[in-house]
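Keeping their order, the protein sequence lines are chains E and C.
FYI, our numbering numbers position 35 of the first sequence as 35, with every residue one higher than the one before it.
FYI, our numbering numbers position 474 of the second sequence as 474, with every residue one higher than the one before it.
Some clues are possibly wrong.
What the hints assert, rightly or not - Simulated restraints on C-beta separations:
(1) C:N30 - E:G81: 44 to 52 Å
(2) E:Y28 - C:A499: 25 to 33 Å
(3) C:G45 - E:Y28: 20 to 28 Å
(4) C:I416 - E:S50: 36 to 44 Å
(5) C:G215 - E:W27: 48 to 56 Å
(6) E:L30 - C:L444: 13 to 21 Å
(7) C:V466 - E:R26: 35 to 43 Å
What the hints assert, rightly or not - Over 12 Å on every C-beta distance to chain E, these chain C residues come out as not near it, computed from the model:
(8) Y83
(9) G154
(10) A168
(11) R276
(12) A280
(13) L286
(14) L481
(15) T502
To be verified - Selected chain C positions facing chain E (in silico; Cβ < 8 Å):
(16) L81
(17) F92
(18) F218
Bear in mind the hints are in silico, worked out from the structure with no lab data behind them.
The model shown is predicted, which means the values in this text are computed figures rather than measured ones.
We put the beta carbon where it would ideally sit given N, CA and C, even for glycine.
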Amino acid sequence: MPSEGPSPGLPKTAGMLQHKRGADRRWYWLLLIPYVTMLWVPSYNSLQPSLAGIPFFYWYQFMWIALTAVVIWVVYMLSHGGRE
Amino acid sequence: MIWPAVVVFVVLFALVSVLGFLGPYWRRGNLDLLHEWALGGRQFGTVVSWFLIGGDLYTAYTFIAVPGFIFGQGPIGFYALPYTAIAYPLVFFFAPRFWTIAKNRGYITYADFARERYDSRGLSLVIAITGILATMPYIALQLVGIQVVIAAMGLGGTGALRDVPIIAAFVILAVYTYRGGLRAPALVAFVKDILIYITVITAAIVIPAKLGGYGHIFASAGVALAARPKALGLLLPQAEYPAYISLALGSALAIFMYPHNITGLMSASGARVIRRNMIALPVYSLLLAFLATFGYMAIVAGVHPATANETVPQLLLAMFPPWFAGFGFAAIAIGALVPAAIMSIASANLFTRNIYREYINPHCTDRQEATNAKLVSLIMKLGALFFVLILPTEYAINFQLFAGGWILQTLPALIIGLYTRWFHRNALLAGWAVGMALATYMPLSTYVAATKHFSSIYALHVGSSVISGFAGLYALIANLLVATILTIVLDWLRITRGADKTTPEDYREAA
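Just chain C, with the same shape it has in the complex:
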């Protein structure tokens, strides 16, 4: 066990736990109301939202997986740079409009919007289910992030004691989320982000200084990549262009379809706060860009992680005194708590609003609604805990790979629905079904038995040529095609469209 690292880690983790428990007392509100518990009362200003949304988007797992992926696969992993940059102009465009309609009509989830806009319980239900399905493995991966750093410190012993630290972290997370709702991760996000910035900025300065500068790191990584059994370079082979482009675009379109990210946006106090945040949030993308280069630094430093996920922890241990490595590990573990809390809240909202209140207890009181959401948030996290304790880590990783394609299939109803009701509700349902089927089938068909890996890159045969691209984006294109054709057919058959409960006035921003 690496004691200095463990001590720093435990102290910081304890500090944050206390902070999480102060959640209910910060900007007090009636936590028996769902919008207070789940959205922090829609009152967060530009600064709080920046920490909260940034802390939510850039998860612990991202910090572990991106450098690990680049360590193993080289330049293709850098698609994370365009991905996290081009997400923002899109959100700048549509999110203020969504915030406004959500505020004016009292929505807590995306599915609430689909319900009223399209007068369709079915559409609302499938959007809720897709959101919950996509979020669960994501929560599990946050716990994987905590597991990885705990293991790197040699903490947790062996046998039955092995899982004690992760269970302890889970209990802290579960209790403060239950009590404080979104206020708890909003408070923790301050600390999380400050720790992460200190770690990454320090590492981005100190490690290159030790390894001979950035120029040398890229040159050496290039040599090492070229010497591998499956030779890679510092540039993309031409055949990988479609994969790079479609991964960047598809992921950028998908990221704000995730329930936890839309929850973060809805907790803002106004459309203006969202616009301003889209200017300021790319700072996190720069941070992620530096983190991405850690993959190359690990190659040059000659660390030998057993799995890709251990790349960053092993790099920190190799390059820093143990106490600072412990600081970085705490940053990652605390970084897992913020998104995990928001994810469990967001999926609990979907279940409560769009399944419980819609199908199980339509006449529930506000208090019952909030209580139900709190309980479901616990269940979501418990499910994630079992996921990581009982099943191999590969399951969560593979599951999430599918989820990225699934969540994209809700885009036509949600983003396009904000601007036009041209699509017929049943056509959107059919498009969703086709999209989900393809987003499942395509990665399944890439299974390699030897490595037990799926791939989100699918080789699409178009005539005589093959274009290898992101399966989720292919599925989205099929989804839109089906929805378009069926809309024309259903309108021609005069199938009723239902009534739009939103009015143009609902979309208008208050001054």
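Next comes chain E alone, as it looks inside the complex:
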């Protein structure tokens, strides 16, 4: 029975193993981006440009919390996406 039981799992597992070997970790370098943007404090320690009255210092950091998740997601998709 091809639709159930362990047999269809086997080729899939083998396929994943193959992909694993090819998991491209070069994309991991992108993970350094949030460290630069969030730790380079002088680049954002200012009131302007403000957003709806919120000083740049604050909304920039809020934004980079969200963008950190995006960066990790991109790295995940590029190096592991579709394989796990």
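Following the hints, complete the assembly by docking chain C onto the known chain E.
Coordinates of chain C only, in the frame set by chain E:
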């Protein structure tokens, strides 16, 4: 006593207690095995892990302390934003590898890894002790979180009755953790997180609406901060850049060195679950970012908390009807139960695996091992309870300030050890000792007798300039320097390195 708040609080707390007691029956396993009791059988998928790890990282004390710190100190407190964001890329990088080796070799703790990787009982022992030391005050602070909201409701009366609610909360926590192990906080985490999200999202919408919008809150807070005796602004003074950066980086490096957080990671069902969670966990950081702004809202709302810890409870009482304040208080108190349970489990694991089984009863059965861990988890919590009932709150806060620097000193052996065995085991031990000494000495030297406060910010003199930064990070740099130099020396002297019990195959993820 504020009755509507108390009623809502007690009802929600009772609900969660029942849930905690259902722990042993959820995804049943043999709770006489340590990995079942302590790690929930390493079976939690992406969603359960998200609630569990999120509930574990963002503790009740965090929710109280961060806004309180910002209320008192202004923009420097916002280092919590970069800190909780940049922790995740690092964990995405190393944690799947640690999960894999832990699963393949049956590790329950970090110290188990150090033992096999470096063939060093000494290294394993000091890592276990550091973990336990760093965790104990953290458990105490969770109970402080419960105390703060109980006091805000005027619950608990006076005299001998004052401590009844905190003792009741403690007993509930202790019993369900003892019975259900990690399954109990995993179940409670669902409720905790939902309550916290409802509270914070509601407050982040309603309070600005009452106070004239976010723009107005920042502008007014800026005026109020500038008018203080020690004038502050909405931006960081240039002299505080190193402190902001080093606190954010140092805390991000430290957070997953804490035993309770690594316990949360190890309970995942796979490396993939951890990767996916690193994408989803920053949602909690956004929540924390909104909470941080509550510090400014409290300034603008004109609340007058007696201590920084009372900032959020006082803000909720000032801005909401009592029943909703009680809802928020329940969220905080229940939020204390999840990390407190996991912390006591994690420190019990360290004691059981790396002290009891290593030194006291090497031939213990699996059942004895699990029983010992359950008992030690009780002792850890009892210790925390005595801490908060007998000693002034300041002790727990100060102790934890030191602990943040201490836990960082285990990083070279653990994270670097995952990738290379270049460091000599004895060099790592010496580096740890130097790091611990500095992470203790530096904050001690900042003691101000008038306020009875220590600071984790140390003014380091480099030549003619002074750089004020996070003591724990300075200590880590010294730790790495010592470990590097001694590794070269010890290898040159041909001091034996011991055998690595892990093999490259152990680090390979199963497909």
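Against the structure, the hints:
Take C:N30 and E:G81: their Cβ atoms lie about 37 Å apart, and the range 44 to 52 Å is violated. A beta carbon spacing of about 30 Å between E:Y28 and C:A499 agrees with the range 25 to 33 Å that was offered as a hint. Checked against the hint of 20 to 28 Å, the C-beta distance between C:G45 and E:Y28 comes to roughly 24 Å, which is consistent with it. Restraint check, C:I416 to E:S50: a C-beta distance of roughly 42 Å satisfies the suggested window 36 to 44 Å.
Against the hinted window of 48 to 56 Å, the Cβ-Cβ separation of C:G215 and E:W27 comes to about 39 Å, which falls outside the hint. Against the hinted window of 13 to 21 Å, the Cβ-Cβ separation of E:L30 and C:L444 comes to about 41 Å, which falls outside the hint. Range check, C:V466 to E:R26: Cβ separation about 41 Å, and the 35 to 43 Å hint holds. Its closest Cβ contact with chain E, about 9 Å, brings C:Y83 to no more than 12 Å, contrary to its assignment away from the interface.
For C:G154, the requirement that its beta carbon stay farther than 12 Å from each beta carbon of chain E is met, with the minimum near 34 Å. Annotated as non-interface, C:A168 keeps its C-beta farther than 12 Å from every C-beta of chain E; the closest such distance is 37 Å. Here C:R276 does not stay apart from chain E, with its beta-carbon only about 7 Å from theirs, under the 12 Å limit. Separation of C:A280 from chain E is inadequate, the least Cβ-Cβ distance of about 7 Å not exceeding the 12 Å criterion.
The beta carbon of C:L286 is not kept farther than 12 Å from every beta carbon of chain E, the shortest such distance being approximately 5 Å. The beta carbon of C:L481 is kept farther than 12 Å from every beta carbon of chain E, the shortest such distance being approximately 21 Å. Remark: the non-interface label on C:T502 is consistent with the geometry, its nearest Cβ contact in chain E lying 19 Å away (cut-off 12 Å). This hint holds: C:L81 has a C-beta 4 Å from the nearest C-beta of chain E, less than the 8 Å allowed.
Proximity of C:F92 to chain E holds as hinted, the smallest CB-CB distance being about 5 Å (cut-off 8 Å). Of the supplied interface hints, the one on C:F218 holds, with its beta-carbon coming within about 6 Å of a beta-carbon of chain E, less than 8 Å.
Violated hints for the displayed structure, listed by number in ascending order: 1, 5, 6, 8, 11, 12, 13.
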